[in-house]
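A.B. asks: All chains should be modelled from the sequences, with the hints used to inform the complete structure.
In case you want the letters, here they are:
Number of protein chains: 2
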Amino acid sequence: MKFGLDVLGGDYAPDATIDGAVEALAEIGENNRIVLLGPEPLIVEALRKRNISPDRFDISHQPDCIAMDEKPLKALAEKPDSGMVAGLRMLAKGELDAFASAGNSGALLAGAVTIVKCLPGVLRPCTCAWVPQEDSDAYSLLVDIGTTPDAKPEVMLQFGIIGSVYSKYILGHKNPRVALMNVGTEDGKGNLQCQASFPLLKACPHINFAGNLEPRDLFKNKAEVFVADGFVGNVLIKIIETFQQMMRKSGCKSPLFDRLNYEIYGGSPILGVNAPVILGHGISSPRAIKNMLVQSKRMCEEGVVDMLRQVTF
Amino acid sequence: MKFGLDVLGGDYAPDATIDGAVEALAEIGENNRIVLLGPEPLIVEALRKRNISPDRFDISHQPDCIAMDEKPLKALAEKPDSGMVAGLRMLAKGELDAFASAGNSGALLAGAVTIVKCLPGVLRPCTCAWVPQEDSDAYSLLVDIGTTPDAKPEVMLQFGIIGSVYSKYILGHKNPRVALMNVGTEDGKGNLQCQASFPLLKACPHINFAGNLEPRDLFKNKAEVFVADGFVGNVLIKIIETFQQMMRKSGCKSPLFDRLNYEIYGGSPILGVNAPVILGHGISSPRAIKNMLVQSKRMCEEGVVDMLRQVTF
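Protein sequences appear in the order of chains A and B. So in our numbering, spot 313 of the first sequence is number 313, and the numbers just go up one at a time. So in our numbering, spot 290 of the second sequence is number 290, and the numbers just go up one at a time.
Simulated from the structure, these hints should not be mistaken for laboratory data. Where a beta carbon is used, it is the ideal one built from N, C-alpha and C, also for glycine. Any given hint could be a false lead.
Here are some chain A residues pointing at chain B (derived, C-beta under 7 angstroms) [to be verified]:
1. P149
2. P153
3. R216
C.D. replies: The structure is reproduced here in structure tokens:
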């Protein structure tokens, strides 16, 4: 299989992306190839400096680059020779099996929808974060974390279904409990969106619905999938990151918080599109980049997209 | 002045409420009285056990009690002789200057709106939390924290105005910066609600609008008032509480987190109604109860409700 990486994507590119790709080599296996998409001379030079033979990678020469602050749709239209656009196009044509980028996230999302396109019936794609659980090695999933800030109840339902499939195949939960992230646990709690989403989730035969849960339940082994709209999910992720930074600054240590780290899984797949696109954090470290490639491989091996394709949305 | 307290309100009532009321005596001053609303024999006995003369309080005999899990509207209608209903009625009639309860919060909210009633022009009341700021002794305000989960843009604007007045008179900020809690700082960011609220806040002459801020800015001295709808605000408050508990469990210490404690201010006033109603946390400790009474006094002395009454909403 072939896993594409956007070499110029991310705040610390190309050093972090090249280092991450080199680190990933050992885990990707003999039969798979990492395809580095970016300016070939720069890639070759960066590998030489690290005493790595360029032969260990496929290189797809893409001289252009979408900057972190460019307007997504304009950048996608004007920069076909960027690693991001070229990667998404190769993925859509089947020339890649997965594509990962820590670059402009708005552009990657827009590109995933316009170039790779949503699976039949999927209204909106979603992204997710792994949330470590107390007193176990397990991770639960928070979905969506920012892709769709205004999610209608039908979209919230799809997040639950998509999250459930991902949880099953990537996080290893046989029958994941899907909960609605709410401000109270009783039926009927929450804002209008939650009140309208609840009966759809409850009636859905594709998921194991666990009802309403609260933010305090996020780490407590009460559900394997937490459904939120992209606004609430993003607020949660951002305040969690803030707390982690404050804790680090205070010299606090906690094994749970150490596992609450996107570097462990590298980034979030953009779920609901026709092929695995992995969206990385702008500040991705080499470890995060490596794990984006490892997650690319796992998404392909487990056939998550094919499993989602079999769902009637 | 007379500050009412619902003696049977709260998970640890009446011990916590009586202890808190006794602690508050020293701070309430000679010219003010605390009015204890609840079953008189129980109150007198509780005070005697503490060697406190019942003369130091006014006692309003209310034999009934609204339990924590009762349906708010039904309980309000059926229990006129509860401390909560009696307190709100006395407040509405001017027989009390403020009323505080750590009891059934849904009932207190519904009672504040139906008995004390909203100020002219106020669409929905709101509640708020004090948020300590890094590298200063200051507190900022998060408003709303749960009262109005579905807040229209006009309501979000009112939260900004109300929060600004409270911030000025209670938290001592001369010209409080009012920010919209969002998932990005650029204009136009966020969900439809934020996008529609932004121009209303920006155009409002009554506030010093600071634009969009993110959860990471909550502790960073970037604004004195953060406006969120009651769903997002409640999610934030609940995940913050969760983190505090997890930190305590891990033995982590942080001066900032120590100040992130509702006991310091006791509870949230229900802002936007015709008189000060202070809503306490169900788990209120004596310290929290004491500070609810102290906040009752400050709300009255600073004339916050009168200041709000002068705003043309």
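A.B. asks: Now look at each hint and say whether the structure bears it out.
C.D. replies: Status of each hint after checking the structure:
Satisfaction of the interface hint for P149 (chain A) is found here, the shortest Cβ-Cβ separation to chain B being roughly 4 angstroms, below the 7 angstroms cut-off. The closest approach between the C-beta of P153 (chain A) and any C-beta of chain B is roughly 14 angstroms, which is over the 7 angstroms cut-off, so the hint fails. Annotation: R216 (chain A) was flagged as interfacial toward chain B, and the flag holds, the nearest CB pair being 4 angstroms apart, inside 7 angstroms.
Violation of the numbered hints given earlier is confined to hint 2; every other hint is satisfied by the structure.
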